[in-house]
Amino acid sequence: MNIVIIDYGAGNIKSIQFAIRRLGYNAILSNNTSLIQQADKVIFPGVGHANSAMKKLKDSKLDQIIPNLTQPVLGICLGMQLMCKYTEEGAVDGLGIFPISVYRFPQKSKIPHTGWNTIEKLRSPLFNSIQEKEYTYFVHSFYAPISDFTIAQTEYIIPFSAALQKGNFLATQFHPEKSSSPGERILSNFLNLNK
Amino acid sequence: MLSKRIIPCLDIKNGRTVKGVRFQELRDAGDPIELAEFYTKNGADELVFLDISASEEKRATLASLVEQIAAAINIPFTVGGGISSIQDVQSLLKNGADKVSINSAAIQNPELIKHLADKFGSQCIVVAIDAKQINGEWWVYSLGGKIKTSLNLYKWAQQVQQLGAGEILFTSMNHDGTKNGFANEALQQLSKKVSIPVIASGGAGTREHFLEVFQNGKADAALAASVFHFKEIDLPNLKSYLQENKITIR
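From first to last, the protein sequence lines stand for chains A and B.
If you're matching positions, the first sequence starts at 1 in our numbering and goes up one per residue.
If you're matching positions, the second sequence starts at 1001 in our numbering and goes up one per residue.
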């Protein structure tokens, strides 16, 4: 299987590559548009600030490539937020794959939302064999509200989307690569999706 | 519900763990990778690696160790110890660290926190604060607790938050090594004064101490070293004890 992790200078992406290696697959890190288009599975990571991440995507024309991919694509954390239409972080327009906006958590509790939290109302093959209220690892200050595209939800200050799906585009707010065995199971489910 | 985190801390010197670790399960108790895998399997929520080596080659050794750790474990980990530049942080994150912890370099140059947060995001910048209570007042110390500064704990904590720190790792020097419990009063004050997560460190001796640090100290996470390394506290046992006592634990 041909797996590409989009490398656009977004933080710790080696962890995703290692997690995939532990599952017995090899993933390459690349920002080469044709390699990305030809991949069987594409992972779109992202850690850091939305503004600089979006700028890097535009510089490498990836902002035009990603929304038109037809194979399964998995956005992770900021990757998920950038797949939305707009994010309050830096007031940036995203890729618009999910027609929803991303907001900053109201300051009613500690921000960033950091640590292990439960995911529930799971509805996607991404969560095959994952139990309701399983713990996964989150670190973020912005959230996507519950919408028609929500395939898992979590509560912190308010209920929000822990994962989104629209056709071949899937995304998690949590870090599956850092979420112990359940996270590895979720990654494995993604890799096992049909093209 | 967001769970409270239990974080074993490993001291590293020249690529090896220091402080005797007594685990029959481990073939090589000085191997940080084997120890990290052991804690991960036993339910650690995160790990902290503190590099205490002083040699010139430490950066290269540490970067390669970080890569090996990232390849081996599937939970988040933080790396600290003498980190003082954007280049240091870049190399550690690039090799697979999830967060870095800075201490003395931030005291020397508070703007470093802002530069790091702007470049890498607040979520990966932990500011470690060592403080000692003297006549009722909490003073921040630098260089591994050697030098007393003129900084007040709470004011410094608020300043690092404002500069962009994503988390505070507070070690009470009065409690560290005593095994008499965490600095719950100071932790509770700290939690009221900042709006970023606080990791409590220093003083863990029993399971009850962990319960108290969450109930009274309002800590978001608790860090300990020797009680885990010497198996005075067993991680799965600690976690079920906390669950029985209504603490949200993974």
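The hints are simulated quantities; they were obtained by calculation from the structure and are not laboratory data.
Among these hints, one or two may not hold up.
Claimed, not checked - Pairs of lysine to aspartate or glutamate, EDC-like flavour, derived with a Cα cap of 20 Å:
1. Lys1041/B with Asp1088/B
2. Lys1119/B with Glu184/A
3. Lys166/A with Asp63/A
4. Lys1192/B with Glu1212/B
5. Lys1094/B with Asp7/A
6. Lys1231/B with Asp1011/B
7. Lys1231/B with Asp1031/B
8. Lys1041/B with Asp7/A
9. Lys55/A with Glu1067/B
10. Lys110/A with Glu1185/B
11. Lys1179/B with Asp1234/B
12. Lys56/A with Asp1118/B
13. Lys1094/B with Glu1067/B
14. Lys1146/B with Asp1176/B
15. Lys1246/B with Glu155/A
16. Lys1119/B with Asp59/A
17. Lys1119/B with Asp7/A
18. Lys133/A with Glu1244/B
Now for the hints, and whether the structure bears them out:
Using a Cα cut-off of 20 Å, the hinted pair Lys1041/B and Asp1088/B is violated, with the two alpha carbons roughly 29 Å apart. Our distance criterion of 20 Å between C-alpha atoms is broken by Lys1119/B and Glu184/A, whose separation comes to about 29 Å. With a C-alpha separation of about 17 Å, the suggested pair Lys166/A and Asp63/A falls inside the 20 Å cut-off, and the hint holds. For the proposed pair Lys1192/B and Glu1212/B, the alpha carbon gap of about 17 Å is at most 20 Å, so the pair holds.
For the proposed pair Lys1094/B and Asp7/A, the alpha carbon gap of about 12 Å is at most 20 Å, so the pair holds. Of the pairs offered as hints, the one joining Lys1231/B and Asp1011/B holds, with about 16 Å between alpha carbons and a cut-off of 20 Å not exceeded. Of the supplied pair hints, the one linking Lys1231/B and Asp1031/B holds, its CA atoms being roughly 17 Å apart against a limit of 20 Å. For the proposed pair Lys1041/B and Asp7/A, the alpha carbon gap of about 30 Å is over 20 Å, so the pair is violated.
Of the pairs offered as hints, the one joining Lys55/A and Glu1067/B is violated, with about 28 Å between alpha carbons and a cut-off of 20 Å exceeded. Taking the CA atoms of Lys110/A and Glu1185/B, the gap is about 19 Å. The hint holds against a cut of 20 Å. Distance restraint check for Lys1179/B and Asp1234/B: the Cα-Cα separation of roughly 15 Å lies within the 20 Å cut-off, and the hinted pair is therefore satisfied. Simply put, Lys56/A and Asp1118/B have alpha-carbon atoms about 15 Å apart, close enough for the 20 Å limit, and the pair holds.
At roughly 9 Å between alpha-carbon atoms, Lys1094/B and Glu1067/B fall within 20 Å of each other, so this suggested pair holds. Taken as a hint, the Lys1146/B and Asp1176/B pair is honoured in the structure, with Cα atoms around 14 Å apart against an allowance of 20 Å. Among the hinted pairs, Lys1246/B with Glu155/A is consistent with the structure: their alpha-carbon atoms are about 18 Å apart, no more than 20 Å. Note on Lys1119/B and Asp59/A: the hinted pairing holds, with a Cα-Cα distance of about 18 Å set against a maximum of 20 Å.
The straight-line distance between the Cα atoms of Lys1119/B and Asp7/A is roughly 17 Å, inside the 20 Å bound, and the hint therefore holds. For the proposed pair Lys133/A and Glu1244/B, the alpha carbon gap of about 18 Å is at most 20 Å, so the pair holds.
Hint violations for this structure: numbers 1, 2, 8, 9, all remaining hints satisfied.
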